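J.: In case you want the letters, here they are:
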Amino acid sequence: DIQMTQSPSSVSASVGDRVTITCRASQGISSWLAWYQQKPGKAPQVLIYATSKLQSGVPSRFSGSGSGTDFTLTISSLQPEDFATYYCQQAYSFPITFGQGTRLEIK
Amino acid sequence: QVQLVQSGAEVKKPGASVKVSCKTSGYSFTNYGISWVRQAPGQGLEWMGWIGASIGNTNYTQKFQGRVTMTTDTSTNTAFMELRSLRSDDTAIYYCARDHNGRLDPWGQGTLVTVSS
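Line by line, the protein sequences are chains A and B.
Residue numbering for the first sequence follows the numbering used here, starting at 1 and increasing by one per position.
Residue numbering for the second sequence follows the numbering used here, starting at 1 and increasing by one per position.
With the rest of the complex left out, here is chain B:
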């Protein structure tokens, strides 16, 4: 079955960077995109951006432009999201999701990133 398995929780200091991985299985990786969505504690869902797995083209929401980089490794069917210059308000659960024409399914289990001094 289709699965997306994310890397484990991270604790980072303000100003640091974090790189979250999303290993996929059970489908043809290059036929879909991957969207990244985050959820701050007790808050709603916030879409961060998208990457096309076949050629690596990206679309980032303006809020994260310049701070985020999304990449893929087609040899391991894995997507990555790196967020730089972390602030306390970046504390959130970060999700990857297979993106089929905007339908996000399935989702990874989520990665908690805590930013604290």
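Here chain A stands alone, though its shape is the one from the complex:
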């Protein structure tokens, strides 16, 4: 199975800050990576797929990059509604696997 490792596990930031979350795959996954946002009590929602493609309706302050084994999710200017938990997910091969999550908290 492909292991996905996110860092940091949690981060505190302020509105307007730029935040970057990283995700490392245990083997190459080409560009088969997605990012999800989950708010308390809600189902996850996809933000980015295929490493850098922005899901329809997702604000442009979210962006993704990387390839192979190393990937990043960047939020260019944090808004109050962005405080949530973020997960990366590889779709290169079964079984699909997720990172352990990054909790983004208000400083």
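Source of the hints: derived by calculation from the structure; they are not laboratory data.
Predicted, not measured: the structure shown is a model, and the values here were computed from it.
No residue lacks a Cβ here, since even glycine has one placed at the ideal position from N, Cα and C.
Heads up, a few of these hints could be off.
Chain B regions said to be covered by chain A (calculated; three or more residues, Cβ under 8 Å) [said to hold, decoys possible]:
1) 57-70
2) 103-116
Only pairs whose alpha carbons sit at most 30 Å apart, straight line, appear in this in silico BS3-like list of lysine-lysine [what the hints assert, rightly or not]:
3) B:K19 with B:K63
4) A:K42 with B:K12
5) B:K23 with A:K42
6) B:K12 with A:K39
7) B:K23 with A:K39
8) A:K42 with A:K53
9) B:K63 with B:K12
Chain A is already provided as a structure; the job is to place chain B on it using the hints.
T.: This is chain B only, laid out in the frame that chain A set:
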């Protein structure tokens, strides 16, 4: 719009089985797969498996092999996930999600399954 609506919360005793449904609408059901993902209280996301809605082919993660069965009913555009021999550590929210080449979107609202004696 595309919607996935799951069945309601369940309380089961250890050793029992649970079957969660996921009724879809707003898209061509047989053109996509359905993935099932669970989330234990306060924990991360755990993928359980996938089913192709058109022919019912499945791929289960090894952890659940032999205990899980995923099916679809193309007459009602509904997917089902049955988990048997329930244990206390199966207590979790179970989600279905439309699967398009590994992109899971959208997700159902989730079904809380509680396993308790």
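J.: Please verify the coverage claim for the region 103-116 of chain B: does it have three or more residues whose C-beta sits within 8 Å of some C-beta in chain A?
T.: holds (count 8)
J.: Can you confirm whether the C-alpha distance between A:K42 and B:K12 stays at or below 30 Å?
T.: Within the cut-off at roughly 23 Å; holds.
J.: How about the region 57-70 of chain B: do at least three of its residues have a C-beta closer than 8 Å to a C-beta of chain A?
T.: holds (count 3)
J.: Given the hinted pair B:K12 and A:K39, is their alpha-carbon gap at most 30 Å?
T.: holds, 27 Å
J.: Regarding the pair B:K63 and B:K12, is the alpha-carbon distance no greater than 30 Å?
T.: The given pair, whose Cα atoms are some 20 Å apart, holds under the 30 Å limit.
J.: Tell me if the straight-line CA distance from B:K19 to B:K63 falls inside 30 Å.
T.: Cα-Cα ~18 Å, so holds.
J.: Given the hint that B:K23 pairs with A:K39, test it: the Cα-Cα distance must not exceed 30 Å.
T.: Distance ~23 Å between B:K23 and A:K39 Cα, so the pair holds.
J.: Quick one, are A:K42 and A:K53 close enough, alpha carbons at most 30 Å?
T.: holds, 23 Å
J.: Can you confirm whether the C-alpha distance between B:K23 and A:K42 stays at or below 30 Å?
T.: holds, 18 Å
Going through the hint list in order, the structure satisfies each hint without exception.
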